[in-house]
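Asker: Take a look at the letters that make up each chain.
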Amino acid sequence: MRPVVVSTFVTLDGVMQAPGGGEEDTEGGFPHGGWQMPLFDEEFGRLVDEEYGTIAGFLFGRKTYEIFADYWPNATEDLEIAKILNTLPKYVWSRTLERAEWHNSHLMRGDLVEEVTRLKEQPGEGILAVVGSGRFAQSLMRHNLVDGYTLWVHPLVLGSGKRLFEDVPRMDLALTDVRRTPKGVVVLRYRRPA
Amino acid sequence: MEFVTLDGVMQAPGRPDEDPRDGFPYGGWAAPYDSPEQFRMASEGMGQPSGAMLLGRRTYLDFFHVWHGRTDNPFSEWMDRVPKYVASTTLEEPLPWQHSTLLRGDVAGTLKRIKAEEPAGMLMMGSGVLFRTLLEHDLLDRLVLLTYPLVLGTGRRLFAEGGPPATFRLLDAQQTSTGVVIATYERGTATGGDR
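Residue numbers (this note's numbering), protein chains in the order written: chain A, 796 to 989; chain B, 1291 to 1485.
Hints listed in this document are in silico derivations from the structure and should not be mistaken for laboratory results.
A couple of the hints might just be wrong.
What the hints assert, rightly or not - So the derived list for chain A, only partly shown, Cβ under 7 Å to chain B, looks like this: (1) 953; (2) 964; (3) 981.
These numbers come from a predicted model, not from an experiment.
Glycine residues also receive a C-beta, built at the ideal position from the N, C-alpha and C atoms.
With the sequences and hints as input, model every part of the structure.
Answerer: Take a look at the structure:
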């Protein structure tokens, strides 16, 4: 079975909105976009590469899909990440998107539980990664479809913004790994207990 | 030192009856994760001859109720002995616990003065309202965050919506055998610059 892993950059107060740039997602008047960038260092990049090396496919909500589809096909940096994102299958759940034209994208219209379960049961190694896609990740949590988490905890508090764990049920997890980067990001890995 | 879940909940880690406000159903969520390592860390912190505590009213009264006068643990003797500063707008003196001082009115201003008088530092636990006051007035120097491996989905959070932004520098990150992550931060930026 291919596990679904939610891999998210978060702050100490659990905010996951717009880590990459000021214009990425300003919903709610969020003024702190781009908070990840000052905390990027070589080790962080290495850990991201390592994580991306385990990915077999991506599950997206509409918003993050559109941001990524706009950026990654023409990216001029982080070429390893770009290659993985541009090549691997991408499954996007949306009721409003009419087409998903980024290479190897699949627009999903069916029942979430059935579709995700079917993807998990496909043969092969690797994880099905959920990056960004906060609301979509919460839907997966509510349907008990998430098998693991990689939380990239950044050493700052923002005080506002969308949080990763919002409107979700109680979930008891098991810690499997702790890493840290020179700039103080703590990378926590959890899995759902058997 | 704060105990939080992965979704940042800090309400009632210790016991079901600790803080049932808003019908919180999960009181005592931290207890199953007790470990010898965490006990040793707490014992070392409270084994120091000096020190002081800084508490909000609710946590102060709860700690008094739970820890005062006991001899069956390494914490009570320390807590009974050290100065305890209590922020409250409703408590009246005399306070029930020996060596307690009530902070009223301008807590932030008073704390600035007291910090200078307590060179060994003041240990704060729980005290969610006071925690936010400290953050707002930039009075928090060090944060030990114990993150438990669960999401609750409800309960009072340590970092409330609308609080002030703050940056920290990571000093240390450890894990216990039960999956609690103990991360120590100090105020500042990761690159060593100003706050």
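Asker: Would you mind marking each hint as holding or not holding in the structure?
Answerer: Hints and how they fare:
1. The interface hint given for residue 953(A) is met, as the beta carbon of that residue sits about 5 Å from the closest beta carbon of chain B, less than 7 Å.
2. With its C-beta approaching chain B no nearer than about 5 Å, residue 964(A) sits inside the 7 Å limit, and its interface hint holds.
3. Hint status for residue 981(A): holds, given a least beta-carbon distance of 5 Å to chain B, under 7 Å.
Violation of the numbered hints given earlier is absent; every hint is satisfied by the structure.
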